[in-house]
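Under the numbering used here, the letters of the sequence shown match residues 1 to 105, in that order.
Mixed in with the good hints, there may be bad ones.
[To be verified] Here are the computed distance ranges between Cβ atoms for each label pair: (1) 44 to 87: 26 to 36 angstroms; (2) 13 to 45: 13 to 23 angstroms; (3) 56 to 22: 36 to 46 angstroms; (4) 19 to 74: 29 to 39 angstroms; (5) 38 to 78: 33 to 43 angstroms; (6) 16 to 46: 32 to 42 angstroms; (7) 40 to 77: 27 to 37 angstroms; (8) 44 to 12: 17 to 27 angstroms; (9) 27 to 77: 31 to 41 angstroms; (10) 42 to 69: 10 to 20 angstroms; (11) 46 to 13: 36 to 46 angstroms; (12) 50 to 12: 12 to 22 angstroms; (13) 56 to 77: 33 to 43 angstroms; (14) 13 to 57: 36 to 46 angstroms.
These aren't lab readings, by the way, just hints derived from the structure by calculation. Backbone N, C-alpha and C define an ideal beta-carbon position, used for all residues, glycine too.
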Amino acid sequence: MSTYSNAGVSQGHRYRISIAVDVINARALWNAALSRGLMAPGATFEDVVDTIGPCDDPAIADCLAMLALPADLKGCSVEDFAIDPALPRGVIESSLPWTGLSAAR
1 MSTYSNAGVS QGHRYRISIA VDVINARALW NAALSRGLMA PGATFEDVVD TIGPCDDPAI
61 ADCLAMLALP ADLKGCSVED FAIDPALPRG VIESSLPWTG LSAAR
């Protein structure tokens, strides 16, 4: 197995990517998650619904995870992935402590 490196590019640094979303159409989110889930080899409609919930009562966090978790992030190792519970309106995300892994410095 060969090891490849890119001179001038730091190796092994951890980065945190953050995104906050407002779910404005749960049905559209569910349909998108269903479509993504059905792309998995061997996945059935029932398998995916077991994961994301039924259309009339979707598991929002699971739908978001289905869509947000990268299947393949070239050149990277995903060490942690979390979806935090919904925040009440007016709460500023940056005022809350981060509960994930710390970035190496």
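Okay, the hints, checked on the actual structure:
{"no.": "1", "hint": "44 to 87: 26 to 36 angstroms", "in the structure": "holds, 34 angstroms"}
{"no.": "2", "hint": "13 to 45: 13 to 23 angstroms", "in the structure": "violated, 41 angstroms"}
{"no.": "3", "hint": "56 to 22: 36 to 46 angstroms", "in the structure": "violated, 21 angstroms"}
{"no.": "4", "hint": "19 to 74: 29 to 39 angstroms", "in the structure": "violated, 19 angstroms"}
{"no.": "5", "hint": "38 to 78: 33 to 43 angstroms", "in the structure": "violated, 22 angstroms"}
{"no.": "6", "hint": "16 to 46: 32 to 42 angstroms", "in the structure": "holds, 35 angstroms"}
{"no.": "7", "hint": "40 to 77: 27 to 37 angstroms", "in the structure": "violated, 21 angstroms"}
{"no.": "8", "hint": "44 to 12: 17 to 27 angstroms", "in the structure": "violated, 39 angstroms"}
{"no.": "9", "hint": "27 to 77: 31 to 41 angstroms", "in the structure": "holds, 34 angstroms"}
{"no.": "10", "hint": "42 to 69: 10 to 20 angstroms", "in the structure": "holds, 18 angstroms"}
{"no.": "11", "hint": "46 to 13: 36 to 46 angstroms", "in the structure": "holds, 42 angstroms"}
{"no.": "12", "hint": "50 to 12: 12 to 22 angstroms", "in the structure": "violated, 37 angstroms"}
{"no.": "13", "hint": "56 to 77: 33 to 43 angstroms", "in the structure": "holds, 38 angstroms"}
{"no.": "14", "hint": "13 to 57: 36 to 46 angstroms", "in the structure": "holds, 41 angstroms"}
The structure does not agree with the numbered hints 2, 3, 4, 5, 7, 8, 12 stated previously, though it agrees with the rest.
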